[in-house]
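> Below, each chain spelled out in residue letters.
2 protein chains.
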Amino acid sequence: MKEISKKNFDGYKYVDGGVCAAKGFKANGLYCGIKENPTKKPDLCLVESDVMCSAAGVFTQNKVKGAPVTVSQKNLAKTGGKAKGFILNSKNANTCNADGEEKAYKMCEMTAEKMGVKPEEILIAQTGVIGQILPLEPIETKIDELYEGLSYEGNEKAAIAIMTTDTVKKEVAVEFELDGKICHVGGMGKGSGMIHPNMATTLNVITTDCAVSSEMLKKALTDIVKITYNCLSVDGDQSTNDTCAVMANGLAGNHEITAEGESYEVFKKALYIVMMNITKMLAKDGEGATKLLECTVTGAKDLDTAIIVAKSVICSPLFKCAMFGADANWGRILCAVGYAEADFDINKVDVSLSSKAGEIHVCHNGAGIEFSEEVAKTVLLEDEITISVSIGDGNGTATAWGCDLTYDYVKINGDYRS
Amino acid sequence: MKEISKKNFDGYKYVDGGVCAAKGFKANGLYCGIKENPTKKPDLCLVESDVMCSAAGVFTQNKVKGAPVTVSQKNLAKTGGKAKGFILNSKNANTCNADGEEKAYKMCEMTAEKMGVKPEEILIAQTGVIGQILPLEPIETKIDELYEGLSYEGNEKAAIAIMTTDTVKKEVAVEFELDGKICHVGGMGKGSGMIHPNMATTLNVITTDCAVSSEMLKKALTDIVKITYNCLSVDGDQSTNDTCAVMANGLAGNHEITAEGESYEVFKKALYIVMMNITKMLAKDGEGATKLLECTVTGAKDLDTAIIVAKSVICSPLFKCAMFGADANWGRILCAVGYAEADFDINKVDVSLSSKAGEIHVCHNGAGIEFSEEVAKTVLLEDEITISVSIGDGNGTATAWGCDLTYDYVKINGDYRS
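Chain order of the listed sequences is W and B. In terms of my numbering, the first sequence is residues 1 to 418. In terms of my numbering, the second sequence is residues 1 to 418.
What the hints contain is simulated information worked out from the structure, not anything from laboratory work. Note that the structure is a prediction, hence the values are computed from the model and not measured. Treat the hints with care, since some could be wrong.
A pair counts as met if it fits within one copy or between any two copies, since identical chains are not told apart.
Said to hold, decoys possible - Cut-off 30 Å, straight-line C-alpha distance, at most; resulting in silico cross-link-like pairs (DSSO-like, lysine-lysine): (1) Lys-23 <-> Lys-78; (2) Lys-78 <-> Lys-348; (3) Lys-411 <-> Lys-2; (4) Lys-348 <-> Lys-268; (5) Lys-118 <-> Lys-142; (6) Lys-411 <-> Lys-377.
Chain W extracted, bound-state conformation:
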């Protein structure tokens, strides 16, 4: 049920392999015991490229930044956008700790030593409880085993090791052609609470064998984050550790993309497909969620207006509860559209709700219209619901993703630390 439905795009083919789908990327994940855990759920993972990569990252905008965020940002600045490996752990966010930065850097050092590169050529991301001292010993003990276990099929192990309250691992990869060469973009992500627009990602690793300069990588990443991860909200809380980094090793053999143009657009679209699908996976596996909600706004005067309105609907706790109850309480949608801080005419708003079971049109020109409650119930009992909101006759369109608000969200978060 937590599987998302995937839309097809001409010229792009979904493939297996996650972060190892692209040529020359190895991964591994294992349990090292950062936090005592009888189930031995893996908590540490590593991704390595056979050759040095162009790299770019986007990070949390929270004033409280986890130590791994600061270290990754400094590393990327030092190298001018290069990376050979990426180490990640769950079970401890290493945030609000006096010795956090020192320890995050130490983890880069350990990894770099194994790979024979400089510490600043390693990226790091961490997730878990905030404000608990990170024990380095379990990581030091297991780093050899972690490195030696790296494999071209290790993507699944890595994807599992970054999971926290996620109930399913999140991986996507696509294959496409560029300059007659087969290229790949693949990625993994983890959710699933403390997720909100403005780097809503928590941790995401994207790999590609395309040759792309780190400048163009940063540009593509920034553009695509805006319309994917930043249009995702599970609970409105913006994490301290949100990180999404892309590594491009160029092993596909295409001409390096160093400027905008046709090749850049082909690559960017692949990045969009991967990140959009991970976004949907994050939403559908939101803490306690039973439904994926997808709100598409059309007719806005521009992209930003469309994004603001779509996010407002997706973030409304009352609407999220109504969806949990499969209740077509469209007044709550209109209410959320109305308090969105954007410029449009509320009297031109149309709303419909759809799923694979059908569609109901509930509001025209800002006022309710009659619909069958019976059909509405059938539509809303599905586990992927689309909310279509037209707000005028402009060209701006955007989609935001979220999930319903359920008893289980409260349960999970009422007792997270124990």
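Please build the complex by placing chain B on the supplied structure of chain W, with the hints as guidance.
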């Protein structure tokens, strides 16, 4: 348990009487059957002053405005801030209906006819489900009985008639002296979901026997709303019908307040006490709530900064869940402080949690400090929790109020319409 603890203020005495505490105000409430309801919970109420009042109101900032909001705004504009009566109903918001404005005005007409005044001298507020046609007939049928039942002790009936998912009625009144005359300010309010900063009030009626010009009434109301109702959040949803109006009939016999000065400050403080206590009542009776959360921010560079940070903490779903679980997960507080869009140094943030059971200091200079989990549990098991956040050495201070997020919030809102 839903009763709030009331703080005392020198020179002001809490008294009974709600909207009838002030001289010359009558009220009544009854069941007219706006929506079929076997329990016959009252759904219609009226407040009348013996003499014409100065009046002022603040209203929702949602682009979707309920018809009663539009009508009250127009009426106040027409009269230049006068009102004789105030009619309110629950069970139907009369919002997003093509004939909504016409019907809301018709309700003012019916009331005005009874009181022998003009329709624009009546205020109106409505609450309930959005987008359902309002039946006027039950109101027409009962308006005589409603009017004839008005009494100087009718405050409680009125307060009950505006309740929706509220579990307790909300009334406060204070007595104080001005120019040697005994004065009163009293009020009633209703919550308890779809409540968020920016007129977080849903419906509130404040009455006073002080003589105050409508201009100064508007000024005092606007200032006090900013630091009371607008610092309240139950769920982040901003209603379409939020209304808070004050009526001042001057029967206390003080010199009319027409400018700032000592008398104005005395009156404004009374207004603050009433509105702040109603705010606390609304928070504590938030949908599904088991705890009142009060976040006080000090050391901000100005009032606005303090308000933004305090609201950010109160609005965090993750923190709200942690409080439901009595879990001192202070990282979530720091996270919410960090994503507040305000200017301060995160490395100077101190946080403590307190209740009548004691206090724990959990964070100093942005980093965690050791505390007893056992004491923390004792502190957090109480039903009123104060979160104290110091963010620097400025003079800006503010308080925001909210409640925990519980299973019952989801239950109530997963099936509201039925």
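> Next, verify each hint and record whether it holds.
These are the hints, each one checked on the structure:
no.: 1; hint: Lys-23 <-> Lys-78; result: within (26 Å within a copy, 73 Å between copies)
no.: 2; hint: Lys-78 <-> Lys-348; result: between (51 Å within a copy, 28 Å between copies)
no.: 3; hint: Lys-411 <-> Lys-2; result: both (19 Å within a copy, 22 Å between copies)
no.: 4; hint: Lys-348 <-> Lys-268; result: neither (34 Å within a copy, 41 Å between copies)
no.: 5; hint: Lys-118 <-> Lys-142; result: within (20 Å within a copy, 82 Å between copies)
no.: 6; hint: Lys-411 <-> Lys-377; result: both (26 Å within a copy, 17 Å between copies)
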